[in-house]
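Asks: One letter stands for each residue in the lines below.
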Amino acid sequence: MIFIFGLFLLTLLVITAIAIVRTEDLFVAVMLTSIFSLLMAANFFILDAADVALTEAAVGAGVTTVIFLCALALTDDKEKPRQGSRWVTFSTVGVLALLIIYATFDKPRLGDPDAPVHQHIAPWYIEKTTEYIDIPNVVTAILSSFRGYDTLGEVFVVFAACIGVLFILGVSPPRQAKKVTSKSTGLRHHLIPQVVGRLLIPFIVLFGLYVQFHGEYGPGGGFQAGAIIATGVILYALLEGESEALRAIPRGVLLGMVVGGALLYGSVGVVCMFMGGAFLDYSVLAADPVFGQQLGILIIEAGVGMAVCGALLAIFHAFASREILS
Amino acid sequence: MIDIALDVLSWILLLLGGACVLIGGIGGLRLPNFYTRIHAASLTDTMATILIFSGMMLQAGLSLATLKLFAIMLFLLLTGPTATYALANAALLSGLKPDAGTTSDKPKENSSE
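Chains A and B supply the protein sequences, listed in that same order.
The first sequence begins at 0 in numbering that gives the first Met the number 0 and counts up one residue at a time.
The second sequence begins at 0 in numbering that gives the first Met the number 0 and counts up one residue at a time.
Only chain A is shown next, with the shape it has when bound in the complex (with noise of 0.2 Å):
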């Protein structure tokens, strides 16, 4: 049953690239895009990762189809008709594909047991979670622990992203500042979103709390509640108007949180070596290394939370504060 499910969303999955590849508006390609990332994240979902469902639902479904919106809104809605053959790129995507076909070969089948990631790597992760850790999400264990350094160039990575978003479409223009009042109301005469928003906003922020605090317990963590409290902010641009948002969370409380989680986490990882663990190995934060672990990811966990966030609503509102002033 679950295989014909999975088979069904794959289709769909391939329906909808090839519709946003065919499509000429944009728009219409912006909305597919978020499809697509729904779809995504089902499939997620039946393959039992539901941290990275999470993730996708919020990042892709909800906050970059807000993103490309605004990024539309500064452009132009159609795509520009090209000129000339283009058999070069067809050649390259077919040959590219063909490719990667063809090492889907020596991949090993979904779920065999006999694959080598299930040899020695993942019973070895399952089996000592609970002895060094002792959180029931080993997923969590994983990624804030045992692979903590790549979580901390995740995280470096979304802080160089935003960096790099807030260089190229510059923080604040100041000379024109002056102009945004009067337009930037949001739906702020449209009674029936604006209620059922507000009545929705509070909730958001609620369950990305929850996600935040209860990721070592059951699905979630820093990225989706940092994704999923930025929904919410944005939600709350989009009903009361973006300057308005940007009232309630200055730019300087948002940059702070880049910045910070990203320091945070870092500093938690220097802690360590100066209490003579090595970098990023939490045991030695407390008297009992299991507490010590467990402390270490929960700090780190609202690092990059708070980076995410951050990160998430500093380039939403580098993309619409441009779109008032302009």
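Honestly, I wouldn't trust all of these hints.
Capping the alpha-carbon separation at 35 Å, the derived lysine-lysine pairs in DSBU-like fashion look like this [stated by the list, open to error]:
#1 A/K79 - B/K67
#2 A/K106 - A/K127
#3 A/K127 - B/K67
#4 B/K67 - A/K77
By construction, these hints were calculated from the structure, which means they are not laboratory data.
Keep in mind the model is a prediction, meaning the values are calculated, not measured.
Dock chain B against the given chain A, drawing on the hints supplied.
Replies: Chain B alone, transformed into the frame defined by chain A:
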């Protein structure tokens, strides 16, 4: 006995909900212009939400899952009609006139779903 009755009732609700979604889908494809399409999709969706979630709650019995399903149903019942309203409102503001006589919204550019 009561178990079988509940099971049958829940399956009736689920099938009715599925039929609602199907009708909404056909309506979304077949109806002539934007407002009639959105009308078909949104009303059937709301009904299907109630039917399908009631069916699933009966299947789940008295447990935490029922409470979660109820919360999701409440969420969908709030957001679905609001989204439809926002969509229709945006279409109206962008200049698409609600006219039952039109058989297509081709003349206007910004009309497709």
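Asks: Now tell me, hint by hint, if it's right for this structure.
Replies: Now the hints, each set against the structure:
A hinted pair counts as satisfied when its Cα atoms are at most 35 Å apart, and A/K79 with B/K67 does not qualify at roughly 47 Å. Annotation: proposed proximity of A/K106 to A/K127 holds, straight-line Cα distance about 27 Å (limit 35 Å). Between A/K127 and B/K67, the direct Cα distance comes to roughly 32 Å. Compliance with the 35 Å bound is thereby established for this hinted pair. For the suggested pair B/K67 and A/K77, the alpha carbons sit about 42 Å apart, so the restraint of at most 35 Å is broken.
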